[in-house]
Every structure is written in structure tokens, then in C-alpha cells.
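Chains as they are written, first to last, in this note's numbering: chain Z, 1 to 314; chain R, 1 to 278.
The set of hints was computed from the structure by calculation and includes no laboratory data.
A portion of the hints provided could be inaccurate.
Simulated restraints on C-beta separations [said to hold, decoys possible]:
(1) R/R24 x Z/G65: 53 to 59 angstroms
(2) R/G145 x Z/A133: 46 to 52 angstroms
(3) R/L3 x Z/D272: 56 to 62 angstroms
(4) Z/Q304 x R/R270: 32 to 38 angstroms
(5) R/Y267 x Z/T57: 55 to 61 angstroms
(6) Z/R55 x R/I191: 25 to 31 angstroms
(7) R/N201 x Z/R55: 53 to 59 angstroms
(8) R/P207 x Z/E109: 54 to 60 angstroms
(9) R/L158 x Z/G164: 55 to 61 angstroms
(10) R/M1 x Z/G164: 48 to 54 angstroms
(11) Z/G65 x R/G131: 49 to 55 angstroms
(12) R/S2 x Z/A133: 52 to 58 angstroms
(13) Z/G65 x R/R270: 55 to 61 angstroms
(14) R/L158 x Z/A134: 33 to 39 angstroms
In this text, a Cβ means the ideal position worked out from N, Cα and C, and glycines have one as well.
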Amino acid sequence: MSERLVTFSDVSRFYGEVLGINRVNLAIPPGITSLVGPNGSGKTTLMNLMAGLIRPTRGEIRVLGISPGSPERLCQVLGYCAQFDAFPRGLTGYQFVYSFLRIRGLTEEECRKRTAAALQTVNLTDAAQRSVAAYSKGMRQRIKLAQAIAHDPQVVVLDEPLNGLDPMARAETIELLRAWGEEGRHVIVSSHILHEVDRISDQVILLSQGYVVAEGQIQGVRSEVKDQPMQILVRCDQPGKLASRLFQQDHVVEAKIHPDGKSILLRTTDADRFYLLLNRVVLDSGLEVESVAPADDDVNSVYQYLIGGEGGAV
Amino acid sequence: MSLALRQIRGVIRLELKKTFFARRGWWVYLLALAPIALTLFHSLVAARFQGYGRRGHAISGDTLLFAVLFQTYFLHLGIYFGCAGLFSNLFRTEMLEKTLHYYFLSPIRREWLVIGKYVSGLLVAGTLFAGSVSLSMYFVGRHQGAAWSAFLLDGPGLVQLAKYVMIALLAAIGYGAIFLIAGLYTRNPMIPAAAVWVWENLNPFLPSFLKKLSIIFYIKGLCPVSLPASAPTPISLLVVETDPISGHYAVPGLLLVGAAILVYGAYSARQAEISYGE
């Protein structure tokens with residue numbers, strides 16, 4: 001089973017006396033996993049450890065069963081798009097992708113094919129013969145992505161891959177990540193853009209000050225945050241009637257009727273009891289419910305509850 | 001071709017693309033070009049003197065002049081600092097420019113990466129300094145006309161030239177290994193370059209067992225033309241070897257020292273992490 005996971009077993013990393021991450025235990029399954037946390041929370045440290053660019057002070061890491069201490073094996077299955085906006089001098093976009101494929105020991109023909117495919121994937125075929133130094137920030141981000149995926153890795157680690165991308169390129173990249181996730185690859189992404197993380201992630205890992213605060217599917221993580229009442233939005237024909245029934249319940253902390261008069265936002269400490277109550281109200285009073293949806297089981301809300309401060313902005 | 005060889009070739013290919021004619025290495029090219037310019041100037045001046053009916057010097061004078069140039073300039077300055085510039089930048093520049101991680105994220109053993117970078121440095125240094133030695137030797141006696149051509153092509157000149165080129169390559173092998181390591185460990189390679197330079201130049205004054213821990217000890221005895229004991233004092237200090245080693249030991253000895261340093265470099269690269277000083 002661990003052959004299909006990226007695992008961290010009691011991993012710590014210190015930079016001198018400064019804590020990078022501490023006592024991290026993770027088992028990351030295939031799909032899209034987002035690392036979320038403020039600056040300095042340990043996201044990049046976690047990614048660098050996974051890619052073998054740094055070694056843990058303590059603990060053990062395995063990427064599909066491979067130790068990052070064997071880069072010659074690890075980098076066959078892993079592609080890492082690091083945050084550094086730097087490139088070897090004097091190379092065109094094509095040469096950049098092609099040259100690092102040659103270092104993998106692939107044949108010329110294979111390198112040519114893969115380079116062309118990677119450039120096409122990130123939509124940079126037209127600019128391939130231009131020097132990377134003349135690329136815009138978004139193009140540099142895309143050429144890094146092309147270089148990271150050109151060898152068709154099973155594990156793709158991307159540090160802030162949406163940074164600097166225009167809305168079109170961002171949408172395309174997100175689609176690409178989704179496709180890889182659906183193919184059963186590990187796509188591990190760090191991002192500050194929480195609403196986009198929310199849209200694409202199969203699971204999230206919330207980090208704060210070097211510790212994993214929460215991990216798992218976002219709804220599961222949200223339900224574990226017991227000290228923050230759950231917010232639920234109910235659209236119905238008689239929100240006032242519903243509110244009057246709800247106020248009699250001890251688990252309902254707050255109920256606000258929306259100005260449009262067609263919905264009610266409530267906060268409850270016990271979502272299960274609320275849903276039972278709602279069923280009863282519908283049966284008893286003939287309330288017509290259009291929709292019921294949690295209003296704060298997104299990454300942004302969970303981030304604010306667990307880590308505090310503003311969530312992500314573009 | 002085995003995977004390792006293909007990967008090493010890939011590294012060499014990329015390094016040559018980046019290193020050859022790189023703008024930041026202009027002073028290394030200057031170091032290689034300087035003796036060519038000097039010997040060309042010498043040849044032009046000597047030819048002019050001959051044109052005025054004055055007697056020029058003999059071929060032995062030019063070979064001696066070249067021997068002085070080689071043992072003082074090439075060995076102590078040109079090749080030494082040229083290698084410092086080329087080899088210490090192989091890893092250091094990648095760290096400064098934050099591009100080393102691209103190599104470290106390739107599925108190549110770090111040992112092969114070190115060898116690939118080292119060989120690419122050798123190719124550049126070899127081309128520059130073997131070329132510089134050859135052209136300088138050609139120019140130094142060019143004013144002798146047909147006699148110099150005969151000396152180079154039919155006489156002992158060609159063997160001398162081959163020996164000088166071999167010594168230049170051996171020096172690049174030795175110094176290259178040292179500076180590759182220096183580039184892995186230091187942010188400013190000029191500090192180790194200066195320290196090793198002092199050590200190399202102190203060599204004639206060192207006890208016998210310490211002498212063996214330098215590159216100059218192995219290569220000096222291989223020079224085909226010995227300088228006279230009556231050479232001016234600063235030159236004689238640089239060129240006189242009181243305890244020469246035979247070529248049979250010098251070449252394998254130097255290759256061994258180079259290989260040992262390189263093995264240590266490979267080990268260091270294996271342990272290296274990407275931090276870029278952040």
C-alpha cells in the first residue's frame with residue numbers, strides 16, 4: 001500500500017535552531033493534495049523534503065516507496081516545479097526542457113518528442129525558440145511546469161504553480177492538474193489562492209508554524225473543528241417560520257434571514273440534529289426547501305478557523 | 001552506450017552550451033589570449049629588428065623564452081587562475097543563480113553530475129590553454145621563418161609542444177579538481193584560489209613530504225626545457241625545483257591526486273542540499 005503513497009513518518013527539519021517542520025506524519029494518497037498555510041508555515045520545506053533537495057533532521061520519507069536519498073530513482077517518478085524563478089543562462093525555452101531531458105539519459109528522438117509534448121501542454125510551442133530570459137513571469141512559470149512534467153512523472157509537486165499566471169493560463173493549469181489527479185497521479189500543490197485550492201483539491205494539508213494542523217478532505221476537516229459552529233444556508237419559501245422553530249433549539253447559535261427574504265443562514269453546534277429538525281419542520285409545516293448547503297466547509301473558512309487571519313487572496 | 005555515459009554526455013552538452021563564450025568568463029579568455037598577444041608582439045618586434053639588418057637571437061633563445069613564459073605565466077598564473085575561474089563556477093554559479101536544483105531534480109547520480117561538470121570544465125580549459133600554449137609557441141619563434149617551421153615540424157619542437165600541451169592539460173586536471181571542490185564549499189572562490197596559489201608558490205621551500213601535496217610539484221619536472229640556474233632571482237624562485245620527480249611517477253601521481261579530490265567532490269555533492277542561502 002505504501003508503494004502508492006507519499007509518506008512522512010515523524011519527520012522534522014530544523015535550519016540550525018529555526019524550525020522548518022516538526023513531527024510531521026502524513027500519508028498522501030493519489031489525487032490533488034493542497035498544502036495550505038501562511039508564509040513560513042513549512043509548505044516549501046515539506047516539498048523540498050519530498051523532492052530530496054533537503055534532508056530531514058529526523059524521521060523518514062518515502063515517495064511511492066522510494067527514499068528521497070536516492071535521487072536517481074526518486075526523480076524518475078517525481079517532477080518538482082520549485083518556487084525559484086531562475087533558469088540556466090542563455091537557453092531558449094526549448095533548450096531548457098530538452099537539455100534536462102538529455103540529462104535523464106533519454107535518446108535524442110525521445111527528448112525531442114517529450115519536449116514538444118510538454119511545450120504543447122503548457123501552450124508555449126510558439127515561444128519555444130525564444131530565450132527564457134525574455135519570457136514574461138507567466139511564461140517562465142509555464143516553462144518551469146513544462147520542465148517538471150516533461151518526463152511524465154507519477155508524482156507532481158508544484159510550489160505556487162498559479163503565481164503570475166493570467167486568468168486564462170490559470171484556468172488551463174487548473175484543468176491540467178485536475179486531469180492528472182483524475183489519472184491517479186499524486187499532484188501536490190501549495191497555493192495562497194484558497195478559492196482555487198478549494199475548487200481543485202481532493203484533500204488539503206493545513207500547516208502552521210511547522211506543524212500539520214489538519215489534513216484530509218476539506219469537509220472532514222471542517223467537521224472536526226468542533227469549537228466553531230457550522231454555518232448552513234437554507235433556501236426556502238418561509239425562512240421566518242423556519243427561524244422561529246430554530247430559535248427554540250439549544251444547538252442553534254444564530255439564524256439570519258437574508259435580505260431577499262428567501263434564505264436563512266444559521267450557525268449550529270450540532271449539524272446532525274439540525275438536519276433531523278429540518279426534516280421534521282418540512283413534514284410538520286409543509287415548508288418548501290429549495291436547497292440546503294454548508295456555508296463554511298471550504299478551505300478559506302477552515303483556514304481562518306484553524307490558522308486565523310485572512311485566508312487567501314489572489 | 002550505458003545510461004551513466006548518456007547522462008554524463010547530457011551534462012557536458014548543457015555545460016558547454018552555458019560555459020563556452022559565457023560573458024562572465026571574459027577574463028579567463030583574456031588569460032588565455034594574453035600570452036598569444038605577447039608572443040605575437042615579440043615576434044613582430046624581432047622581425048622588425050632583423051629587417052633593420054640587426055642580428056636576431058637563435059632558435060634556442062626562443063625556446064628558452066617560451067620555457068620561461070610557460071613555467072612562470074602559464075603554470076603560475078594563466079592556467080591556475082583560468083581553472084579557478086572555470087571550475088569553481090561549475091557549482092558556485094548554479095548556487096548563486098539558484099539553478100542547481102534543476103540538476104538535483106534529474107535522476108542522475110550526483111557522482112556522474114560531478115564528473116560531467118568536471119569534464120566539461122576540462123574541455124573548455126583544455127581547448128583554451130592547449131590552444132594558447134600551441135599558438136604562443138608558434139608565435140614566439142615565427143620571426144625565424146623557415147627555420148622555426150622546420151624546428152616545429154621536423155625537429156624537437158613538436159615533441160616539446162606536445163609536452164607543454166600535456167603539462168597544461170595535467171595542470172588543468174589537478175587544479176580543476178581542486179577548484180571544483182572549492183566551488184562546492186565556498187561562496188567566494190577567490191579566497192581558496194589565493195590560499196592554494198600561496199601554497200603552490202611556497203612549494204620550493206616546503207619539506208619533501210609536503211611538496212607532494214601540491215600540483216606544481218608533479219608538473220614542473222615534466223617541462224621539456226630546463227631554465228638555467230642563472231635565471232633572474234624572482235624567476236628562479238618560481239621555476240627551480242630542487243627535488244624533481246620522474247615523469248613515470250609524476251603523471252600517475254597527479255592523476256591519482258586529481259581522482260582523489262574528485263571522489264571527495266562527488267561525496268560532497270551527494271551530501272549537498274539546496275538552500276541558496278535563504
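Legend entry - Range agreement (Cβ of Z/T57 with Cβ of R/Y267, hint 55 to 61 angstroms): violated (20 angstroms)
Inset, instruction - Check the following: the C-beta atoms of R/M1 and Z/G164 are separated by a distance inside 48 to 54 angstroms. - result: About 40 angstroms separates the Cβ atoms of R/M1 and Z/G164, which means 48 to 54 angstroms is violated.
Legend entry - CB-CB spacing for Z/D272 and R/L3 relative to the 56 to 62 angstroms hint: The hint (56 to 62 angstroms, Cβ to Cβ) holds, given that R/L3 and Z/D272 are roughly 58 angstroms apart.
Inset, instruction - Using the Cβ atoms, figure out if R/L158 sits within 55 to 61 angstroms of Z/G164. - result: holds (59 angstroms)
Inset, instruction - Can you let me know if the beta-carbon spacing of R/G145 and Z/A133 is within 46 to 52 angstroms? - result: holds (50 angstroms)
Inset, instruction - Could you tell me whether the CB distance from R/N201 to Z/R55 stays inside 53 to 59 angstroms? - result: Distance hint for R/N201, Z/R55 is violated at roughly 40 angstroms.
Inset, instruction - Using the beta carbons of R/S2 and Z/A133, state whether their distance is inside 52 to 58 angstroms or not. - result: violated (35 angstroms)
Legend entry - Satisfaction of the hinted span 49 to 55 angstroms by the C-beta atoms belonging to Z/G65 and R/G131: holds (51 angstroms)
Inset, instruction - For R/L158 and Z/A134, compare the CB-CB distance with the range 33 to 39 angstroms and indicate the outcome. - result: With a Cβ separation near 48 angstroms, R/L158 and Z/A134 fall outside 33 to 39 angstroms, so the hint is violated.
Inset, instruction - Please test the hint of 54 to 60 angstroms on the beta carbon pair from R/P207 and Z/E109. - result: holds (59 angstroms)
Legend entry - Range agreement (Cβ of R/R270 with Cβ of Z/Q304, hint 32 to 38 angstroms): violated (44 angstroms)
Legend entry - 25 to 31 angstroms as the expected CB spacing between R/I191 and Z/R55, which holds or is violated: Given a distance of about 27 angstroms, which is inside 25 to 31 angstroms, the answer is holds.
Checked against the numbered hints above, the structure violates hints 1, 4, 5, 7, 10, 12, 13, 14; every other hint is satisfied.
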